[in-house]
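Just so you know, the sequences run in chain order R and L.
Going by our numbering, the first sequence wraps up at 778, each residue one higher than the last.
Going by our numbering, the second sequence wraps up at 316, each residue one higher than the last.
Think of the hints as simulated: they come from the structure by calculation, not from any bench.
No residue lacks a Cβ here, since even glycine has one placed at the ideal position from N, Cα and C.
Hints are supplied without guarantee of correctness; some may be wrong.
[To be verified] Listed below are several chain R residues computed to face chain L (Cβ distance under 10 Å; list not exhaustive): (1) ALA434; (2) SER521; (3) LYS522; (4) TYR586; (5) VAL591; (6) GLU595; (7) LYS601; (8) GLN625; (9) LEU637; (10) MET641; (11) GLN653; (12) GLY659; (13) LYS693.
[To be verified] Label-pair restraints from in silico Cβ distances: (14) R:ILE743 - L:ILE103: 50 to 60 Å; (15) L:THR150 - R:ALA453: 51 to 61 Å; (16) R:VAL591 - L:GLY133: 35 to 45 Å; (17) R:GLU449 - L:SER156: 53 to 63 Å; (18) L:ALA130 - R:THR560: 49 to 59 Å.
[Said to hold, decoys possible] Residues of chain R placed beyond 12 Å of chain L at every Cβ, according to the derived structure: (19) ILE477; (20) LEU478; (21) LYS481; (22) GLU528; (23) ASP577; (24) PRO584; (25) GLU589; (26) ARG609; (27) ALA658; (28) ASP697; (29) THR726; (30) ARG728; (31) TRP774.
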Amino acid sequence: MKKVFLSLFVLMTMIFLAACSSSDNSSETKETSTEPAKEDAATAEPSGDGEPIKLVGIFSSSGGAAALGEPELETIKMLVEEKNAAGGINGQQIELITYDDKSDQNQAILAMKKALTQDEATVVIGGTISGNALAMLPLAEQYETPYISLAASKQVYVDESGKARKWVFKMPQDDQLAVERILQYLKEKNLTKVAWLNVANSYGTGGHDEFKKYAPEYGIEAVIEDEFEATVKDAKPLLTRVKKENPDAIIVWGTVQESAVVIKNIRELALEMPILASHGIATEQFIEVAGDAANDVILPTGKLLVADSLEDSNPQKEVLLSYSKQYTDKYNKPASTFGTYAADGFNIAVKAIEAKGTDRAAIRDFIENELGEYIGVTGIFNITPDNHMGLAPDSFEMVRIQSGEWVLEN
Amino acid sequence: MEVLSQMMQLLFSGLTLGAIYALIAVGFVVIYNVTGILNFAQGEFAMLGALTCISLVNMNVPLWLAIILSIVIVAAIGGIFERTALHTARKSSVTTLIIITIGVSIALRGLAILIWGTQVQTLPPFTDNTPISILDAVLLPQNIWAVGISVVILILMMYFFNYTFVGKSLTACVVNPFAARLMGINPEKMSLFAVIVSAGVGALAGTVIAPISGATYDMGMMLGIKAFVAAVIGGLTNAPAAIAGAFLIGILEAFTEGLWSSGLKDVVTFSFLLLILFVKPEGLFAKASGKRV
Numbered sequence: 369m370k371k372v373f374l375s376l377f378v379l380m381t382m383i384f385l386a387a388c389s390s391s392d393n394s395s396e397t398k399e400t401s402t403e404p405a406k407e408d409a410a411t412a413e414p415s416g417d418g419e420p421i422k423l424v425g426i427f428s429s430s431g432g433a434a435a436l437g438e439p440e441l442e443t444i445k446m447l448v449e450e451k452n453a454a455g456g457i458n459g460q461q462i463e464l465i466t467y468d469d470k471s472d473q474n475q476a477i478l479a480m481k482k483a484l485t486q487d488e489a490t491v492v493i494g495g496t497i498s499g500n501a502l503a504m505l506p507l508a509e510q511y512e513t514p515y516i517s518l519a520a521s522k523q524v525y526v527d528e529s530g531k532a533r534k535w536v537f538k539m540p541q542d543d544q545l546a547v548e549r550i551l552q553y554l555k556e557k558n559l560t561k562v563a564w565l566n567v568a569n570s571y572g573t574g575g576h577d578e579f580k581k582y583a584p585e586y587g588i589e590a591v592i593e594d595e596f597e598a599t600v601k602d603a604k605p606l607l608t609r610v611k612k613e614n615p616d617a618i619i620v621w622g623t624v625q626e627s628a629v630v631i632k633n634i635r636e637l638a639l640e641m642p643i644l645a646s647h648g649i650a651t652e653q654f655i656e657v658a659g660d661a662a663n664d665v666i667l668p669t670g671k672l673l674v675a676d677s678l679e680d681s682n683p684q685k686e687v688l689l690s691y692s693k694q695y696t697d698k699y700n701k702p703a704s705t706f707g708t709y710a711a712d713g714f715n716i717a718v719k720a721i722e723a724k725g726t727d728r729a730a731i732r733d734f735i736e737n738e739l740g741e742y743i744g745v746t747g748i749f750n751i752t753p754d755n756h757m758g759l760a761p762d763s764f765e766m767v768r769i770q771s772g773e774w775v776l777e778n
Numbered sequence: 024m025e026v027l028s029q030m031m032q033l034l035f036s037g038l039t040l041g042a043i044y045a046l047i048a049v050g051f052v053v054i055y056n057v058t059g060i061l062n063f064a065q066g067e068f069a070m071l072g073a074l075t076c077i078s079l080v081n082m083n084v085p086l087w088l089a090i091i092l093s094i095v096i097v098a099a100i101g102g103i104f105e106r107t108a109l110h111t112a113r114k115s116s117v118t119t120l121i122i123i124t125i126g127v128s129i130a131l132r133g134l135a136i137l138i139w140g141t142q143v144q145t146l147p148p149f150t151d152n153t154p155i156s157i158l159d160a161v162l163l164p165q166n167i168w169a170v171g172i173s174v175v176i177l178i179l180m181m182y183f184f185n186y187t188f189v190g191k192s193l194t195a196c197v198v199n200p201f202a203a204r205l206m207g208i209n210p211e212k213m214s215l216f217a218v219i220v221s222a223g224v225g226a227l228a229g230t231v232i233a234p235i236s237g238a239t240y241d242m243g244m245m246l247g248i249k250a251f252v253a254a255v256i257g258g259l260t261n262a263p264a265a266i267a268g269a270f271l272i273g274i275l276e277a278f279t280e281g282l283w284s285s286g287l288k289d290v291v292t293f294s295f296l297l298l299i300l301f302v303k304p305e306g307l308f309a310k311a312s313g314k315r316v
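Excised from the complex, chain L in its bound form (with noise of 0.2 Å):
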């Protein structure tokens, strides 16, 4: 019995902890398909998110009203972003593009603590956070709404890739952006469309975040490391491959942490990821298909 309910609690934990992967690994996956780009200002847009959402929350906006207004901000910023820095760089290799990321998260970064500086800051649960008990192993609310939120943009994205003219249009652009252009698809509209989907993505992410464990400007980093991790290990190209990813991710590490020791818990994963790169570099539930990562 006591066995089975740590059993419980560790998946949980895990849940909590994918969940929370799996929506910023949602950004990287939408933004490679249409780019080829990894967008390493990811785990930024989560940041931002969080913390705008906090200061609108401290000035008295309800929280519901204040998640929207932080997601289609940070959306903009994900906008001005890709105009500005992405789109004016087009024509550079991709690895320049890659680059700019990672000085485009730095700058975001610097942005975040003259704002808000450099001191945690806090956002009340989504919902009354009273701990529910389930087989002795505790579950909160607000995880329930991490994993949920997860699910949700899960199905969206299965739908949205699959199912829609331009999710099908996104994909075309990185299966081959010159048949594309033909079909009368725009990459670039296409490309700012990822960005901004994926920062209002993120910034979704962050706010789910800042109730379970505060937000700070230098949030994203880890975030996105591990994101980026859980998209590799999923499938770079397939956003549901990616949240599986991200769940199998933060599940490894919860029963690592529990029933070993945390200090291996990023080692594991880590040989995880390795031994994926090196076995089946496609990503474990990707199709066996033409595109590598």
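If we strip away everything but chain R, and leave its shape as in the complex, we get (with noise of 0.2 Å):
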């Protein structure tokens, strides 16, 4: 009997560790050091009259998502030194400091505590994902400083009660205008009957809820809806209780990994009905992993992907392929979206300085009611009190994969 309870206690151990294990994705590489390291401070200094501009830039460089982080500090490394060599805003040079917070929520409140006792900093973009950028923004509320953020989650800029948060702005669309877009989609090609699976986590059960609440909206009906683990390994036996439903469509909710073998599968299967896949697949990684049963598999993704066939009476593509142009030309790799999320957030604080100086208060009054339409490279924002991001889900658009390219899907 002792035995059996040792096994047990052990089990319980595992699962426990299993849970810290998966849930710690994003933050697994923890730093000794207790202080963020400065990276690069002063690029100028001030030259013009008055508080010199002083843009704190707080991006998760290295550490689990050094894959966002990076390119988002060169975008803004890249544009602050366009910004400064054209002559800075309005005749003063812009201050650029950056930190990494090493995809560490601890590291990013440091670093954002800096920026606002020691630096100053007249702006705050950065937090590459949305633990930290949830833990960063009290300390912007606290210190009336505007702080756009590059990080997904709708809660960064609404709080509890459902309301804007005041000083925070966000450039990345919600994952709601991507179930939107997908929605949109079925109702423009007929497919009302459609098999929902999305995987067991936050990010599978988020978009569930978001697709409950809209579908029956676009006249959309869920003829099976369920879950598959982040560690699927054959999701064959639920495939054929989809199968045996027959719907006219199946949308698989999750990330590269679970997505590729769900999608794998279905195409093991012959399923024939179309695939739909979340905005979350949308990387090079996925065609690697799924192979040819990427295939046809149809998704929302930002603009970036598809920039060259858009048509040219799009607004955006102009702005998309300049920015992707002058990317590659500096860095020599191909531009990624999350690049895009800093350089619309570097566009939207020099368009509010140039308009009012170094006032913070008026700053953030500028962002949220004289901004306007602002056509940037993620979409086309229209800010409002009500709404701190601005974006709709024509920001996205739905592509189709075929033969490993990103085709736009009409």
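Could you use the hints to bring the two separately framed chains together as a complex?
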């Protein structure tokens, strides 16, 4: 009997550890240093009158989220350099200070504190992952400094009571917009009976909640809704039930690895209906992992992937192409969607400073009330007092994967 | 007909899952048999095997050679692990040693992040992976490989533990280390041997799984848990029984997911484990003997 309890105890310990390790995905690299490393101070001395323009960037340029934070950091550096070379803002050079939060919330808070107290930032841009952005934003509110977040979670700019946070603006789209974009597409194609499958974690259930909320609005009905694990090995048992229901389309809502397994399984079972996936798989890596099974998967994604094939009349086309060219010329690698968030954040901050100088409250009010329609790289922003993100579902394009390429789907 | 094909499909999926769990469960049993330790770094061996193999393939090493090399490399890592972490602490209690293996598993995961990062990577299937259709249910050649390899390992283990001198010596070490020593068997050498063998089998498991579900630094944990459950259900001291337990768990999971709901899969598995532990704690297939789990 003692052994029974020992076995159970050990099992519980393992489950506990497994839970820890999977929830720790975004911050697995913990550094021992207690201070966030100051990477790059004072690009140029302020030359104009009055307060210097201090732009602080806090990115996860190393650690688990480095793939996201790096292009953000590079983009900001590139744009500040360019702006300063062209004479700065109203004749005043921008002083850029950047910190690496190492994908760790504690480091992010320390960096934010330094930015607000020691550096006396005019505007803070950053917070690569939602956890870090959420940790940083109370400080921005406390020190009344405009903070432009690059993390995706809706909670970043909406507080518990559903109101917009006063000093925080957010550049990336909400996940909800991707769900709505998929629903729009299904409606257009008259695919009304669908199967909804999501990964069993917060990303998956978040998407599912949005789906349940908006599907009726678009006249879409789920004939089967179920979950698969993030560590799924074989989803065929689940798919046999999907097969029985014979839906018009299958929505697979997850990130790269698990979506690849499920989509491969759908192909193996020779289910013929269209497969829609989340924007979470819009990376080359998905194509690599899923191989041939990736073909004909349809998903919403930011416009950067398909910038070349957009209609010439699309107001974003020029912005997208020029950003992507500038980035590729400078860093000799393809531009990433994450960099576009930083570009939009920077450009909006510049517009506000151009109009209002370095007064923090005036900058905040300008972004909220006077910015108007702003054509950004990520999408067309319409920031209002109630909506500090300001993007619509049309900031996503539906693309189809065809022999390893992203093709605009109409 | 439709029901029949669905049942076939669920059976195929269950066998595949079972085969994956089985290969890891064998490692648990081999080490437990010899040292009395539950090695929680077992899943990590599979992870290391898979990722090493992928790296080798990316360096243009032929697949079959990459598999063999990664088994050898991981077996060597297993050997180092035994000598440095377990051997030096061999006078400590079993519980201490178990905690050490948990520590090692965390360390190995950390190492894997440093080397391979957090991105998922994939390995090409062993052979052409065109699905084979049987009664409207599909079976992939890679799944056949998975099942085939565990059946071969099952037979090898049965033969090894029952009919070879080394295998018998290994068993002797756990039944009575003192008596084994009197008979001229060196339990310390046997412990090293056991860890090397199970690390190698674990690495093989990893290379089998990688083409099916991809490989990441954290794949070992969940594999370890399921394999542990399988091993306990089958009977921890008996490799063939653990493999049978693994197939049972795999099939149980597939049918729960296919006929009921995927969310209930783990509930059913772990409830089954509890039931077994209370009703037949020595394991479903273990011969009634004085030894208990």
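Distal placement of R:GLU528 relative to chain L, Cβ over 12 Å
Per Cβ check, R:GLU528 is outside 12 Å of chain L; nearest 28 Å; holds.
Supplied contact hint for R:GLU595, tested at 10 Å Cβ to chain L:
Hint on R:GLU595: holds, closest Cβ of chain L at ~6 Å, below 10 Å.
Is the distance from the Cβ of R:VAL591 to the Cβ of L:GLY133 consistent with 35 to 45 Å?
holds (44 Å)
Does R:LYS601 pass the interface hint, meaning its C-beta sits closer than 10 Å to a C-beta of chain L?
holds (4 Å)
Going by Cβ atoms, does R:ARG728 stay more than 12 Å from chain L at every point?
Holds, since 37 Å exceeds 12 Å.
For the hint on R:GLN653, does the least C-beta distance to chain L fall short of 10 Å?
holds (6 Å)
The output says R:ASP697 does not contact chain L. Does that hold with a beta carbon cutoff of 12 Å?
holds (26 Å)
Can we keep the R:LEU637 interface hint, with Cβ of chain L closer than 10 Å?
Constraint on R:LEU637 satisfied, holds at 6 Å.
Just to be careful: measuring from the Cβ of R:GLY659 to every Cβ in chain L, is the smallest value less than 10 Å?
Given a least distance of 8 Å, the restraint on R:GLY659 holds.
Would you settle whether the hint for R:GLN625 is holds or violated, based on the nearest Cβ-Cβ distance to chain L being less than 10 Å?
This interface hint holds because 4 Å falls under the 10 Å limit.
Does the claim that R:ILE477 lies outside the interface with chain L hold up, using a Cβ gap greater than 12 Å?
holds (23 Å)
Can the hint on R:ALA434 be confirmed by a CB-to-CB distance to chain L that is less than 10 Å?
The hint holds - R:ALA434 has a Cβ within 10 Å of chain L, the shortest such distance being about 8 Å.
Comparing the model with each numbered hint stated earlier shows that hints 2, 3, 4, 5, 10, 13, 26, 27 do not hold.
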